[in-house]
Structures are given as C-alpha cells and as structure tokens.
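*Asks:* Those letters in the sequence shown? Residues 85 to 373, by this note's numbering.
In short, the hints are calculated from the structure, not lab data.
All values derive from a computational prediction rather than experimental measurement.
Hints should not be assumed to be uniformly reliable.
Ranges of calculated distance between the beta carbons of each label pair, as one might list FRET restraints [to be verified]:
1) T241 x E334: 37 to 43 Å
2) G137 x Q331: 48 to 54 Å
3) T243 x G308: 17 to 23 Å
4) D210 x R115: 16 to 22 Å
5) G125 x V298: 31 to 37 Å
6) T243 x N274: 18 to 24 Å
7) G219 x A333: 30 to 36 Å
8) A239 x S275: 27 to 33 Å
9) Q328 x A286: 17 to 23 Å
10) D306 x T156: 32 to 38 Å
11) P293 x T117: 32 to 38 Å
12) G158 x G308: 38 to 44 Å
13) D203 x A329: 34 to 40 Å
14) T117 x R307: 25 to 31 Å
Cβ coordinates follow ideal geometry from the N, Cα and C atoms, glycine included.
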Amino acid sequence: MSGNGTVFHVGWPLSDGNRIGDAFFEQSGVRPTIHDINENGELAGSSPLVPGGPVRAILLSNDTVIDLGDLTGGASPNSFALAINDLTQVTGTNQVQGGSGIQLARGFLWEGGQIRDLDVEGIPLDNTLDINNRGQIVGVSISPENVERPFLWQAGTTTFLQTELASCPGNLGGSPRAINNNGVIVGAINSRAVRWQADGSAITPLEPPFALQVGEAVDVNDRGQVIGFYFNGGALTATALLWQADQVAELLPPGGPQATGGCAATPGACGGSSSRCSWGRSSSGVQWK
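Please put together the full structure from these sequences, using the hints given.
*Replies:* This is the structure:
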C-alpha cells in the first residue's frame, strides 16, 4: 500500500493503466516478483532478466527496469531487493557461496547506482529486511547457536536488538519485520508480537485481546499504529490486530472472523487479506479504515 492509500496488485502493479516495465518483460518473457513500493511509486523486487537466467534484484522506476547488481561482480548473481524507502535506497539479499560451499546470503544497501555489503553475518536468504527514510535497516541474522538475532543497521554500524522479556527471560530468538521513520521497530520475540523503542533497547509486548499464544507484528506507521496478527489455534486461521495508544482492536473481514494484517503505511488505515475458512483456501484482499 502506498501512503495515500492506493493499493497495487503485489507482483504485477499498474501504472496509468499499463503494467510497469511492460515492454521489457513482454520482450524477455519473464515476470518479476515485487516486494515493496515507496511513496514515489518506485518498486523493488526480483526477476530473471532473461528466461532461465539468475534472479536479479531490480528497481522499477519511471517504467524503467534497473538491475541493482550484486556484491560479487557477477560471481554469485542471485539477488533479491526486499525493501525501498522514499529516497530510493534499496535493501535486500545476495546469495553467495560460503567457504564450505554452503549457499549463504549477504545483506546489501543499494543507493545511486552503488551497492554495499551490510557486513552482517548469518542473514537468511529469505530474510525480511526493511528500511526507513533515515536509511536504517532492520533484519535478522542466525547465530552459530542457531538463534535468531534481530539487528539494526545504520551508517555502517550494526546493533543487535534486545530480546529478553521480563515475562520470559533468557536468550530468545527475535525477528523484526518493519521500522518506521521515527526508528520504532516491530516484529516478534519467541513468537510473540513486540515493539522496540527507537534505540532498539526497551521492548513492549503487544498482547492480543484474548488468550492467543503465537503471533507477530508486521508493520508500523509514523503515528505508531502497529498491525499484526495472532494465530487462533485451529485450522491455520489467524486474527488481524491493530495496536494504537495502548489499545488493541480486532480487524474483522466481512463475512468471517479470520484475517491477517498486511501493512500500516497509511495513518488510520491498514491492508491485508482475509480468509473465511483457513489459509490455503478462500482469501480476498481487504482494507480497513
């Protein structure tokens, strides 16, 4: 969702009635996957540039497809653009080969035609990264003990976020999903929705309105409104939730009690998908205001 509430079809958005990058992708015969959109209508995603070719991180801007490159000069070409801010800074992952031959991922920041390594070890290839307009990036790395370590990257410095909760002490795994322009981070610790303060230290648990055990926060806007979900405990159904001003509200779709929240980019509005039965069956896009 864009900041003015316009919803684009994820994976193949529209621009003035035409598909963005239409000429290029029609000629090449491939289709991109779009992961994020900024306020300027620029899109970050990934796609082979030729049929059967490696997957490349791409930026779609002004109907132009831009190959963002990779961190290895083409030696490990598979890369994925996962998030973009309003300054056209793009973050994502590049699949590289480790010393033992194992395929690893390196996080990157692309800006103005230049790509740089985040120098964060253990980032999963399918990791969710996010970037705000300050250029702050959040993501997760896997420790040698196989524990998820949430991190905040800014200006070349990496800070690992606190994950110990008063209600559940110990070395817990955590995963941030989003960061707003004030530096507030949301995600999950030990499968519970949480919000980190802007410095990444103090943690606020985001509790559901009733007894649910597994969930996460997935996005936060600049007003501090947080969207997320908790599983209902049966048939892979979940309830979408909105947290704001220390209050939590259910986001119920028309015709059914289950939903999953998608984003909170627009003040006072959020998007997601609803399912009348269970995941993997019938679903439809919805918008709450």
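*Asks:* Next step is simple, just say for each hint if it's right about the structure.
*Replies:* So, going through the hints one by one against the coordinates:
| no. | hint | in the structure |
| --- | --- | --- |
| 1 | T241 x E334: 37 to 43 Å | holds (39 Å) |
| 2 | G137 x Q331: 48 to 54 Å | holds (49 Å) |
| 3 | T243 x G308: 17 to 23 Å | holds (21 Å) |
| 4 | D210 x R115: 16 to 22 Å | holds (19 Å) |
| 5 | G125 x V298: 31 to 37 Å | holds (35 Å) |
| 6 | T243 x N274: 18 to 24 Å | holds (20 Å) |
| 7 | G219 x A333: 30 to 36 Å | holds (32 Å) |
| 8 | A239 x S275: 27 to 33 Å | holds (31 Å) |
| 9 | Q328 x A286: 17 to 23 Å | holds (18 Å) |
| 10 | D306 x T156: 32 to 38 Å | holds (36 Å) |
| 11 | P293 x T117: 32 to 38 Å | holds (34 Å) |
| 12 | G158 x G308: 38 to 44 Å | holds (43 Å) |
| 13 | D203 x A329: 34 to 40 Å | holds (38 Å) |
| 14 | T117 x R307: 25 to 31 Å | holds (30 Å) |
In terms of the numbered hints stated before, the structure departs from none.
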